[in-house]
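> With chain D held as given, fit chains Y, E and U onto it using these hints.
Protein chains: 4
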Amino acid sequence: MKIALFGRLFNESFTDSFKLMFDEFAKHNVEVDIYEPFYDFLIREINFKPPVNGYYKGCDDLNKDVDFVFSIGGDGTFLEAVTIVRDAGIPIVGINSGRLGFMADIAQDEIPQALSDIFEGNYTIEERNLLQLETSKNGLFPEFNYALNEFTVHKTDTASMITIHTYLNNEYLNSYWADGLIIATPTGSTAYSLSVGGPILVPNTQNFIISPISPHNLTVRPIVVPNYHEITLKVEGRSDSYLASLDSRSCTFDSSIELKIKKSDFKIRVLKLKTHSFYGTLRNKLMWGVDKRN
Amino acid sequence: MKIALFGRLFNESFTDSFKLMFDEFAKHNVEVDIYEPFYDFLIREINFKPPVNGYYKGCDDLNKDVDFVFSIGGDGTFLEAVTIVRDAGIPIVGINSGRLGFMADIAQDEIPQALSDIFEGNYTIEERNLLQLETSKNGLFPEFNYALNEFTVHKTDTASMITIHTYLNNEYLNSYWADGLIIATPTGSTAYSLSVGGPILVPNTQNFIISPISPHNLTVRPIVVPNYHEITLKVEGRSDSYLASLDSRSCTFDSSIELKIKKSDFKIRVLKLKTHSFYGTLRNKLMWGVDKRN
Amino acid sequence: MKIALFGRLFNESFTDSFKLMFDEFAKHNVEVDIYEPFYDFLIREINFKPPVNGYYKGCDDLNKDVDFVFSIGGDGTFLEAVTIVRDAGIPIVGINSGRLGFMADIAQDEIPQALSDIFEGNYTIEERNLLQLETSKNGLFPEFNYALNEFTVHKTDTASMITIHTYLNNEYLNSYWADGLIIATPTGSTAYSLSVGGPILVPNTQNFIISPISPHNLTVRPIVVPNYHEITLKVEGRSDSYLASLDSRSCTFDSSIELKIKKSDFKIRVLKLKTHSFYGTLRNKLMWGVDKRN
Amino acid sequence: MKIALFGRLFNESFTDSFKLMFDEFAKHNVEVDIYEPFYDFLIREINFKPPVNGYYKGCDDLNKDVDFVFSIGGDGTFLEAVTIVRDAGIPIVGINSGRLGFMADIAQDEIPQALSDIFEGNYTIEERNLLQLETSKNGLFPEFNYALNEFTVHKTDTASMITIHTYLNNEYLNSYWADGLIIATPTGSTAYSLSVGGPILVPNTQNFIISPISPHNLTVRPIVVPNYHEITLKVEGRSDSYLASLDSRSCTFDSSIELKIKKSDFKIRVLKLKTHSFYGTLRNKLMWGVDKRN
Numbered sequence: 001m002k003i004a005l006f007g008r009l010f011n012e013s014f015t016d017s018f019k020l021m022f023d024e025f026a027k028h029n030v031e032v033d034i035y036e037p038f039y040d041f042l043i044r045e046i047n048f049k050p051p052v053n054g055y056y057k058g059c060d061d062l063n064k065d066v067d068f069v070f071s072i073g074g075d076g077t078f079l080e081a082v083t084i085v086r087d088a089g090i091p092i093v094g095i096n097s098g099r100l101g102f103m104a105d106i107a108q109d110e111i112p113q114a115l116s117d118i119f120e121g122n123y124t125i126e127e128r129n130l131l132q133l134e135t136s137k138n139g140l141f142p143e144f145n146y147a148l149n150e151f152t153v154h155k156t157d158t159a160s161m162i163t164i165h166t167y168l169n170n171e172y173l174n175s176y177w178a179d180g181l182i183i184a185t186p187t188g189s190t191a192y193s194l195s196v197g198g199p200i201l202v203p204n205t206q207n208f209i210i211s212p213i214s215p216h217n218l219t220v221r222p223i224v225v226p227n228y229h230e231i232t233l234k235v236e237g238r239s240d241s242y243l244a245s246l247d248s249r250s251c252t253f254d255s256s257i258e259l260k261i262k263k264s265d266f267k268i269r270v271l272k273l274k275t276h277s278f279y280g281t282l283r284n285k286l287m288w289g290v291d292k293r294n
Numbered sequence: 001m002k003i004a005l006f007g008r009l010f011n012e013s014f015t016d017s018f019k020l021m022f023d024e025f026a027k028h029n030v031e032v033d034i035y036e037p038f039y040d041f042l043i044r045e046i047n048f049k050p051p052v053n054g055y056y057k058g059c060d061d062l063n064k065d066v067d068f069v070f071s072i073g074g075d076g077t078f079l080e081a082v083t084i085v086r087d088a089g090i091p092i093v094g095i096n097s098g099r100l101g102f103m104a105d106i107a108q109d110e111i112p113q114a115l116s117d118i119f120e121g122n123y124t125i126e127e128r129n130l131l132q133l134e135t136s137k138n139g140l141f142p143e144f145n146y147a148l149n150e151f152t153v154h155k156t157d158t159a160s161m162i163t164i165h166t167y168l169n170n171e172y173l174n175s176y177w178a179d180g181l182i183i184a185t186p187t188g189s190t191a192y193s194l195s196v197g198g199p200i201l202v203p204n205t206q207n208f209i210i211s212p213i214s215p216h217n218l219t220v221r222p223i224v225v226p227n228y229h230e231i232t233l234k235v236e237g238r239s240d241s242y243l244a245s246l247d248s249r250s251c252t253f254d255s256s257i258e259l260k261i262k263k264s265d266f267k268i269r270v271l272k273l274k275t276h277s278f279y280g281t282l283r284n285k286l287m288w289g290v291d292k293r294n
Numbered sequence: 001m002k003i004a005l006f007g008r009l010f011n012e013s014f015t016d017s018f019k020l021m022f023d024e025f026a027k028h029n030v031e032v033d034i035y036e037p038f039y040d041f042l043i044r045e046i047n048f049k050p051p052v053n054g055y056y057k058g059c060d061d062l063n064k065d066v067d068f069v070f071s072i073g074g075d076g077t078f079l080e081a082v083t084i085v086r087d088a089g090i091p092i093v094g095i096n097s098g099r100l101g102f103m104a105d106i107a108q109d110e111i112p113q114a115l116s117d118i119f120e121g122n123y124t125i126e127e128r129n130l131l132q133l134e135t136s137k138n139g140l141f142p143e144f145n146y147a148l149n150e151f152t153v154h155k156t157d158t159a160s161m162i163t164i165h166t167y168l169n170n171e172y173l174n175s176y177w178a179d180g181l182i183i184a185t186p187t188g189s190t191a192y193s194l195s196v197g198g199p200i201l202v203p204n205t206q207n208f209i210i211s212p213i214s215p216h217n218l219t220v221r222p223i224v225v226p227n228y229h230e231i232t233l234k235v236e237g238r239s240d241s242y243l244a245s246l247d248s249r250s251c252t253f254d255s256s257i258e259l260k261i262k263k264s265d266f267k268i269r270v271l272k273l274k275t276h277s278f279y280g281t282l283r284n285k286l287m288w289g290v291d292k293r294n
Numbered sequence: 001m002k003i004a005l006f007g008r009l010f011n012e013s014f015t016d017s018f019k020l021m022f023d024e025f026a027k028h029n030v031e032v033d034i035y036e037p038f039y040d041f042l043i044r045e046i047n048f049k050p051p052v053n054g055y056y057k058g059c060d061d062l063n064k065d066v067d068f069v070f071s072i073g074g075d076g077t078f079l080e081a082v083t084i085v086r087d088a089g090i091p092i093v094g095i096n097s098g099r100l101g102f103m104a105d106i107a108q109d110e111i112p113q114a115l116s117d118i119f120e121g122n123y124t125i126e127e128r129n130l131l132q133l134e135t136s137k138n139g140l141f142p143e144f145n146y147a148l149n150e151f152t153v154h155k156t157d158t159a160s161m162i163t164i165h166t167y168l169n170n171e172y173l174n175s176y177w178a179d180g181l182i183i184a185t186p187t188g189s190t191a192y193s194l195s196v197g198g199p200i201l202v203p204n205t206q207n208f209i210i211s212p213i214s215p216h217n218l219t220v221r222p223i224v225v226p227n228y229h230e231i232t233l234k235v236e237g238r239s240d241s242y243l244a245s246l247d248s249r250s251c252t253f254d255s256s257i258e259l260k261i262k263k264s265d266f267k268i269r270v271l272k273l274k275t276h277s278f279y280g281t282l283r284n285k286l287m288w289g290v291d292k293r294n
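Protein sequences, first through last, are from chains D, Y, E and U. Under the numbering used here, the first residue of the first sequence carries the number 1, and numbering increases by one thereafter. Under the numbering used here, the first residue of the second sequence carries the number 1, and numbering increases by one thereafter. Under the numbering used here, the first residue of the third sequence carries the number 1, and numbering increases by one thereafter. Under the numbering used here, the first residue of the fourth sequence carries the number 1, and numbering increases by one thereafter.
Hints are computed from structural coordinates only; laboratory data are not their basis. Predicted model, so just to flag it, every value in this text is computed and none were measured. Each residue gets a CB set at the ideal place from its N, CA and C atoms; glycine is no exception. A hint or two may mislead.
[Unchecked claim] Below, a list of computed lysine-lysine pairs in the DSS-like style, where the Cα atoms sit at most 30 Å apart:
#, chain 1, residue 1, chain 2, residue 2
1, E, K267, U, K262
2, E, K234, E, K274
3, D, K263, Y, K272
4, E, K274, U, K263
5, D, K234, D, K262
[Stated by the list, open to error] Partial pick of chain Y residues on the chain D-facing surface, computed with a CB cut under 8 Å:
#, residue
6, N174
7, L194
8, G198
9, V225
So here's chain D without its partners, still in its complex pose:
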C-alpha cells in the first residue's frame, strides 16, 4: 500500500499516536510520501524523523498512484488536503489530531482500529460534491477554483452593506442587501452557513444552500436549490471592492466581475469507517444528546 501524508502541525498530545501510526505503517509495509512542510515540522518541532519514501510540495508533484491521502489535523487541514488531491480521485482519510471534525472524523483513540480496518479493506468510500466558481474575466482563484464547503462574498473591512443580485439558471431570484452571502454545499451546511442560520443538509442531498450574512431585510431566509442549477452573482456597493472566499482562501474583486457557481465536474472521495455515521457525528458535534437546560 502506498499513501501520501498531509498535515501542517499538531499538539504534543498527539505525538504518541502519530508515532504509533508509523509503527503500523512499517508492519504493513506501507510506503509513505509526505508533504514537505509537514516533514519539516516533524523534525523541527516533534523531533521525529519518520521513515518516508518520498516528498511532495503540492498538487503538481503529488504521486497520483497512492492509495490514500491521510490528512492529519482538523477539518481545516482536510480542506487543504482537498486543494492538493483535487480531481485525482484519491480517497482522503481524515485523522483528527485534536477536536473531532465532520470530515476529520477519526479520533486519536480510534487510530489503531481504523488502520486495521483500512488494511483489511473494511470501510466505505463516500463521494462529496464540490462547488466550482467561474468568473467572467481574469478568473479569480486561478490555482484551484473549487470549494468543498462554501463560496462566500462579503463586504470589505470598513465598507457598508453590499447588494448581491442573485440569479438561478439566469432567472432573477433576489437582490440581497447584507454584509455578505454564502453558497454552501451539503458538506458546508455544518460549517459557516450553520453559523448564520442555515439548515443542515445530509451529505447525499443534491443541493446548494444560499444563506445571507446579516441581511437587512428581515424576511429573507436561507434557500435550498438543486445543485444542477447555476447560481450567478453580481455585486454592487459604495466601495467597489468585495471579498470572495472559497473555503479558507480569499481574494478581492470588483463589480465588473460576474460570479457563477455550479456543481463541480468531479467529486472528492472520503474514506468512512463502517462504525461511523453522519448522524452520530452530528449528534456528537452538536451535543444533541446533552441537554443541560432542564
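Showing chains Y, E and U alone in chain D's frame:
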C-alpha cells in the same frame, strides 16, 4: 373542455370576477361540474345560480374525466382541493379570491388573461410531490393519508413538551425534545415550517425538511434530507396523547403508534401560467423587494 | 432555625444526599415542616420517615415564620414552591435532585457545603420579579394569578393560528398572527421564551420580553419592554377558545376576556450561594464553554 | 428661533420640499446656520442658494445657542448629526429626505405640519442614551468615542474567526468565538443588531444588548444587560488586527487594547411630533401590518 369547480366561500369583492369567469366558460362551451356545498353557498350567499352540468360531493363522485379542477379561494382551499383530486392526475388551477397564495397564485385581475391562456393551451404543468403517512396500526387518517405541505406532531393543549425519536431509513437521527416537529415538502417550506425557522426549498428539490417547534435543546436546527428517505417517528411524553396533522386535518394518537413518512407514489399536477414564476411569487409574498428598514 | 421542605418526588440516586441533609438538620436543631404529599412520597417510595415538626398542604397552612423554604427537585418544582410561598417573603433554597437548574442551582454534591454556608449566614438573597395577570371578568387563575417565568397564550389543539392584539400602556403595539405569544420575565428568559428565539435577560433587568410562537409574519421579532409597562392582550380566532398559561398551570378562555399583564407588587426571594453566579450557571447550562463544532 | 441645518446630499425629488422649508423659515424669521459642505452641495448640485445667517464646519464651530439642529437625510445622516451635536443638549429634528427612518422620522409630506407644530411648541423631546467606548491606551476614536446605535468588533477581511472575551462589571460572561460582536443601545436594537437576530428594545429601556455576529457555538444567544453595567472586551485571534466601529466610523486595533463600553454621561435629545409613536414607526418600517404570506 370540462372542468370541476371547487371552493368554500369568498368575499363579496370577488363576486364580479366570479361571474365573469362563468361568462367566459359559456363563450368557450366549458362544461362545469361544481362542488355541491360551494353551489349552495353561491345560491344562498351570493344569490347567483351558475349554469352547471353536474355536482359532486367529494373525491368519490368527482368526474375523473374533467380537464382541470379550478380551486377558488386561497392556499387553504387549494389544500382541500388536493384531498378531492388525489391521485387522479387532474391539473389544479389555483384562482385566488383574496390575498395572493403560493399555490392559488392567479389573482383576481389576472383571471381574463389566465382563462384565455388556458383555453389556448398556453401554460405549463408543474408536478409537486406529496408526503404519505403510514402508521403501525389502525391507520390514522384512513380517508386520505397524504399532505401537500406538511405532517406535524404536536403536544396536546395542556401537556408539557414531548420527545420525538426520529429515524431516517431506520437509522437513528435524534430525539427532539420540543413542542412538536414538522416534516415538510418543498411546497410546504413556505408554510408552517418557515414560521419556525425552516429554510425555503425551491419546488423541484427532492427533499423533506425536518423542523422542530420550540425545541428545548438550543443546538438543534432544521435538517434537509432526501425525499427517498423514510422518516420514522416514535413519540413519548407524560400525557400519552399527541396531535398529528396532515396539512389542515388533524387527529390524536398515542405512543403505541409508530409514524412513517415517505414520498407519495403519485404527484399533484398544478397549472402554472407562463407569466408566473416561483421566484417572483416568493419575492412578492415575502416582500423581498420592499425594504423599509433604511 | 425553622424551615419548610417542599418537593414532589426524586430519583433513588438522590436518597443518600436527602438523608444526609436531615442529619445536618438534626445536628443544627433545625425544625422542619414538610409538604404532606412529599412526606407521603418519602415513606411510600423511599421508605424513609424523616423527623419533622409539622405538615402543610399548601399556601394556606404554610407556617409563614419559617426562615427558608427548601425546594427539592428541579426548576419545575421551584415554580411550584413559588405558588406556595407567594408574597410571604420567605427565601427559597433551590436544591437540585437531578440536572442543574437555573433556580434550583444547588447540586447534589454541593449540599454539605451549601448547608454549612446557610447555617453560617454566608449567602445572599436575590429578589426576582413576578408578573401578574389580571383579566377583565371572572378572573382566570383565581388561586394565584402570578408567574415567575412567563405568561403564555396559545391556540387550542386543532385550531388554526390566532390573532393576538397587543397594547403597551394602552397604546397599540401589534397584532400577532401566530400559534401563540409568550410574555416572559428576565427569570423566564432562559425558559420557554428562549426556545422560540427570545433573548437572554440577566436577572436584574427591569423588563418583560414579548416573544411570538411560530409567527406567520416573518418580520416580527421578540421585543423587550420596561416592566413598569402594562401589557394588554385581546385574542381573536376562528375557534373561540384559547389557552392561557402561568408557568406550568393553564386554563382556557374566550375572546370576551381581556388579559392584562404587569409587574407583581411583591417579589420572590431566592437564596444564592456566594460561590454561584448567574453567568456561571448560564455558561454551564448552555454549554458555552464546550464547543465541539471545530 | 435659531436653527442649525445639517445634511450631506439628497435626491432631486426632495428639492421642492427643501425650498418650501426655507419659505417657512423666512415667514417665521428663523435664523439658519448651515453645515458648509451641505451649503456647497446645495449651490453646486441643486442650484439653490438658501438665505442663511452663518456657516459651521463641525462640532467646534457649531453655535451651541441654536434651538434645534435639523438633520436632513436618513438615519445615517442623523448619526452624523449626533457626532456634531454631542453633549450640547440641542434637540435634533430628523427630516427624512428619502425612505422613512427610525430617527429621521419626519416624512417629506409631513414637513409643513411638522414645522407648524415646531413653531407652536407642539412637540415632545425624547432623550436617548448613547454608549461610550473607553480603551486601555492611546484611545481609539479620539475625536468622539460615543455611539447612538452600536459598538462593533469584527474580524478583518481575510482573517478567521476571533475570540471575544466578555466581562460584565469585571465578572466573566463568555468568550464568543465568532466573526464579531455587537453592543447595541435600545436605539440601535432596530439597526445592525436586528440583522443578526437581536431583539427589539423599546426606547426607554435601560439596557444594552450583546449580540454575536455569526457565532460558531450554536447555543449563544443575544443577551440583554442593564446599561449601568460596564462591558469589557478583550479580543484574541490569529491575525492580531481587529476592527472596531462606533456607528458608521471604524478603525483597527490589536489585542493589547482592552475595550470598555458603558452608558454615556449625556444624552441626545430628539424632537418627536405628537402624532408620531415608536410603535407606529416600528409597524410601518417592519411592515407588521402587511402580511402577504397568506
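> With reference to the structure, classify each hint as holding or not holding.
Outcome of the hint check:
no.	hint	verdict
1	E:K267 <-> U:K262	holds (28 Å)
2	E:K234 <-> E:K274	violated (43 Å)
3	D:K263 <-> Y:K272	holds (28 Å)
4	E:K274 <-> U:K263	holds (28 Å)
5	D:K234 <-> D:K262	holds (15 Å)
6	N174	holds (5 Å)
7	L194	holds (7 Å)
8	G198	holds (7 Å)
9	V225	holds (5 Å)
Checked against the numbered hints given earlier, this structure breaks only hint 2.
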